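Colleague: Now for the letters of each chain:
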Amino acid sequence: MTVRTDALPTQEMTINMGPQHPSTHGVLRVILTTDGEVVTRAVPDVGYLHRGLEKIGERVTYAQFMPFTDRLDYLAAMNCNCAWAWAVEKLAKIEVPERAEYLRVIVCELNRISSHLIAFGSYTADMGAFTPFLYAIRERERVNDLFEMLCGNRLTYNYARVGGVSGDAPPGFLEKTKEFLDYFEPKLDEYNNLISYNKIFVHRLANVAVIPAEEAVAYGLTGPNLRGSGVPFDLRKDEPYSVYPKFDFKVCVGTGERGTPGDCFDRYMVRINEMRESVRIVRQAVARIPDGPVMAKVPRLFKPPAGEAYFRSECPRGETGIYLISDGSVNPFRLKIRTGSFVAMNIFEKVTRGLMIADIVAVIGSLDIILPEIDR
Amino acid sequence: MEALARSLMNAVPLLAGVPLWAVTLLLIVAAAVVILVFALTFEGVGSLVLRKVAGDIQARIGPNRVGPNGILQFLADGVKLVLKEDIIPANADRLLFKLAPYFVFVGSFAAFVVVPFGVGLIAADLNIGIYYVMAVTSLVVVGVLLAGWASNNKWALLGGMRAAAQIVSYEIPVGMALIPAVLVAGSLSLQDIVRSQGGLLGIFGWNLFHNPFSFFSFFLYFTAAQAETNQTPFDLPEAESELVSGYNVEYSGIRFGLFFLAEFGDMFIVAALATACFLGGWNVPFFHAATLPWIWGNLLSLGVFLAKAFTMVLIMMWVRWTLPRLRVDQLMRMAWKYLVPLTFINLLGVSLWLLVFKGKGIPAMIASLFG
Amino acid sequence: MSHDPAHGTPPGKGGAGASAPFVASAALGPEAHVMVGNADLFVNWARKSSLWYLLFATACCGIELMQAGASRYDLDRFGAVFRATPRQSDLLLVAGTITHKMADRVKRLYEQMPEPKYVIAMGSCANTGGPFYKDSYCVVKGVDLLIPVDVYIPGCPPRPEALIDGIMKLQKIIMQRKNYGAKA
Amino acid sequence: MEAQAIFDTLKGKFGDAVVELQGEGFSPAFVVVAPAAVKEVSRFLKEDPGLSFDVLMCLSGVDYKEKFAVAYHLHSLKRRHAIGMKAFLPRETPSLPTVDDVWPGANFHEREAFDLFGIVFEGSKDLRRILLPEDWEGHPLRKDYKYPDFYHGIKV
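Protein chains in written order, with my numbering: chain Z, 1 to 376; chain G, 1001 to 1371; chain F, 2001 to 2184; chain A, 3001 to 3156.
Because the hints were derived from the structure by calculation, they are not lab data. Here the structure is a predicted model, which means the values were calculated and not measured. Positions of the beta carbon are idealized from the N, C-alpha and C atoms, including for glycine. Errors might be hidden in some of the hints.
[Said to hold, decoys possible] Below, computed lysine-lysine pairings styled on DSSO-like, alpha-carbon distance capped at 30 Å: (1) G:K1052 x F:K2107; (2) Z:K350 x A:K3011; (3) A:K3067 x A:K3046; (4) Z:K246 x A:K3078; (5) G:K1154 x F:K2169; (6) A:K3067 x A:K3078; (7) A:K3078 x Z:K237; (8) F:K2107 x F:K2134.
[Stated by the list, open to error] Label-pair ranges, simulated between beta-carbon atoms: (9) Z:N193 x A:F3150: 54 to 60 Å; (10) A:G3123 x Z:R288: 29 to 35 Å; (11) A:Y3064 x Z:K350: 31 to 37 Å; (12) Z:R300 x A:K3146: 30 to 36 Å.
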């Protein structure tokens, strides 16, 4: 699309999008400078949900910080729980029972599904089709039921512990999980029939906000955003942790199916395909889960040795890296959480130049940002 | 109206002493009230049905707590909106801000006057009926633009500008897609158009099946008209996820209520025009409603008309809850690059058809083969 | 809580029944009370049945709010639909943490809403600052420091059932409001 | 490449600007460099074909009480190895050159470190507060930060 701007003398308009806006996925504020409908500059202003998690981390113990990781990315609280547990275990070199690792992988992948469901649903809602959103929530509720069965909460689970998980799977949980997978897998085709290949939807997304592979790497994008640009990098495969090497799954990448590799449609499709891969992982994990304890022996007043560790794990919104400094006391000396959304926000200004206002919404949705991850 | 007044005066001796103009005025007022009540009820019920249908499509229930099965929901919404504080933003243009909802409301309402609800059920059978509808519904764009401008809000302004561009562009294909019906009937009056689709060919008397070109014009009309009335997938002026709420973002209380009502009024007008021009209007298949006694004939034809129109409204709701939204440049491209040329070609096709086949449609020709 | 002096009569004082002698409209006689009472009832019914809430989700509770509005729980059953603009909303559901950077915006949103307006503080963060009460330097310790709140819903985050319960509690509060004849 | 080999390469190239290797108890190991040399070392780390650290995973400010530090976590997609780089800064004037022209993704991280620690990145494209309001006083992640009593009249 070419837009002629030389025809008439026009004035640029500054518009404030957010922090209260229906499709900024929370309290993101974007300052748009527009020439009519064309955005000449979009500067993100974040921090409206800055809760000081890193400072809180220095004032509480390692175990006490676990509930705060729930609130780090509330759509994928399990992943953040486990990331924190893995990071502390890496720092203190704790061996975790295998059953606990299997349970962690199961909940992480289930949570990835439910998180991608919100990403998919809210994205279609941003594009004006409200119905798929409700279908996505319908399926998400079932995942919530599973988690409720496991740990008693629907959103903030606090399930992982340093050294294992808080409790073994209750009787019937694994069967229910299998049931859910059988129910859910055909729904993905339903979504694709319903909206993914809808002509209007494809036209809205294809060739919009293309992020070439080199640029995605240079800006440090991770997760589906990086894979959407065609870079096959997945921490579960390339820097394996936990029991992930034991499972067979594919790394989904954007191929430019309907446009250029790295456009909004690719990032969207990567998420849809990843849900399928997550289903495969959970199936294998449920089939092979060993018996045994779910908690290692960790002293109640847990003091890791002094040292520094950086652990990164594949969360639904990209890599969640936890940089942990211990001085040997009960509190972390410093912890820094590097999140996928925060990094994705950095490239926002660059990719939105010259797009239209409606595309801004498409870009926000395709990067699948979540504000507590950006602001922490 | 005058003729009706005269016949009424002849029929009721009590009115003999009253001057003709007074009776006519009375009748006009009565008709206006009836239309207003009908339109308001329709719009109220329409909003409820919309939510119920939305619930059904979206795997949920929809309103069911207010009144039995939620049927009083629209009443509660209406009363609440009327009693809400009426905010006029400090920096708004007060006069235009107040005026805008009325433009929109009147624009969508006045069109009800020429809708042929039944054999004799039409408030004013204007001989330029279609023209009138096109002209009056264009008033909506003025209102929307005023609302967007007067609110002194950038989102509203964008919404208003989008609306102006969109409605003005789609006016052309809408008009061009309606003309085939006019050509077939040889009249601009909606009643005449409906009557021309009568006869005993059943549904094959409809303009929809008259010839291939009129078949296409129905779909062209329906698409373009959805865009003209800002329905999804063309709801860019409101675009909740982009422009917050578009041109009505600063409106509260009953002023917003007027926009809200007008939306459903527009929806019905589109459905009614589609019904009248392409789907046989109030014609009952294989049956002449006009031959029945006045009251029964009208009731029957009214029922048939409403059934058809509501089906169209439901289809519009279905589309609304299914499709995503176009982008503004795609919308404009669709109007000027596809719909406008297509409707022109279509118009040419219909004209040629009528010229070549002396005004006969395909069903009529097939029927004449069998005598 | 009273935003408007007209609503300021505490319950039980400005009763519409004929036995409330100090109400100004008592001078009109008992019939007037019946009318005023019924009008109150009707208006309150309309207001409680059509609580359009502002789509204002800041954090975790926002997801539960979305889920409460969606397929399984469906707030639309109660006539509660979301609006994107404060001008058309009746109910400000503060769903999530409010930080100091956000505080001005919350106030502003509240001020932009037309009367009568109601506020539900959903979740611990909006109630008191929640888990961030003690150690955080930039979280507002309860949204009631900024705007008046009608109903508090505890939970972190509250389940959709709790949210629906909160809305029903608010409906009860609305039904007790005296709109007419109560300006003693 | 192993951390020791990377350290040796850097040491050979930059001499005294590369101070030490923090290996034991650190995962990944850190190469400590002088703050003034951060930019040159970064550029070399990124562009040297044997190292090619093309991703800046994380950039964190750290307050070690007696001094500040900026920790860079680097990863190479091409070579699949990782290393840390650290620069210690004096508490009074914490400033060092920016690396946002080496890795454009550094900008937000640097803004965050500026916001929460008050570390100045010289030559940065855009160094403003990112998470806290513009008129916030102090840098909260410093160890000696005192919580304010009020902000805009609201109790903190």
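Colleague: Confirm or reject each hint.
Modeller: Hints and how they fare:
Between G:K1052 and F:K2107, the direct Cα distance comes to roughly 34 Å. Violation of the 30 Å bound is thereby established for this hinted pair. Distance hint between Z:K350 and A:K3011 is unfulfilled; the C-alpha atoms sit about 36 Å from each other, more than 30 Å. Straight-line distance between C-alpha atoms of A:K3067 and A:K3046 comes to about 27 Å, which keeps the hinted pair within the 30 Å bound. Between Z:K246 and A:K3078, the direct Cα distance comes to roughly 24 Å. Compliance with the 30 Å bound is thereby established for this hinted pair.
For the suggested pair G:K1154 and F:K2169, the alpha carbons sit about 37 Å apart, so the restraint of at most 30 Å is broken. A distance of roughly 34 Å separates the Cα atoms of A:K3067 and A:K3078; the hinted pair therefore is violated under the 30 Å criterion. Distance restraint check for A:K3078 and Z:K237: the Cα-Cα separation of roughly 15 Å lies within the 30 Å cut-off, and the hinted pair is therefore satisfied. A C-alpha spacing of about 23 Å is found between F:K2107 and F:K2134, which places the hinted pair at or below 30 Å, so the restraint holds.
One distance hint, 54 to 60 Å for the beta-carbon pair Z:N193 and A:F3150, holds here, with the actual separation near 56 Å. A C-beta distance of roughly 53 Å is found between A:G3123 and Z:R288, which places it outside the suggested range of 29 to 35 Å. In this structure, A:Y3064 and Z:K350 meet the distance hint of 31 to 37 Å, their C-beta atoms being roughly 34 Å apart. Range check, Z:R300 to A:K3146: about 32 Å between beta-carbon atoms, so the 30 to 36 Å window is met.
Violated hints for the displayed structure, listed by number in ascending order: 1, 2, 5, 6, 10.
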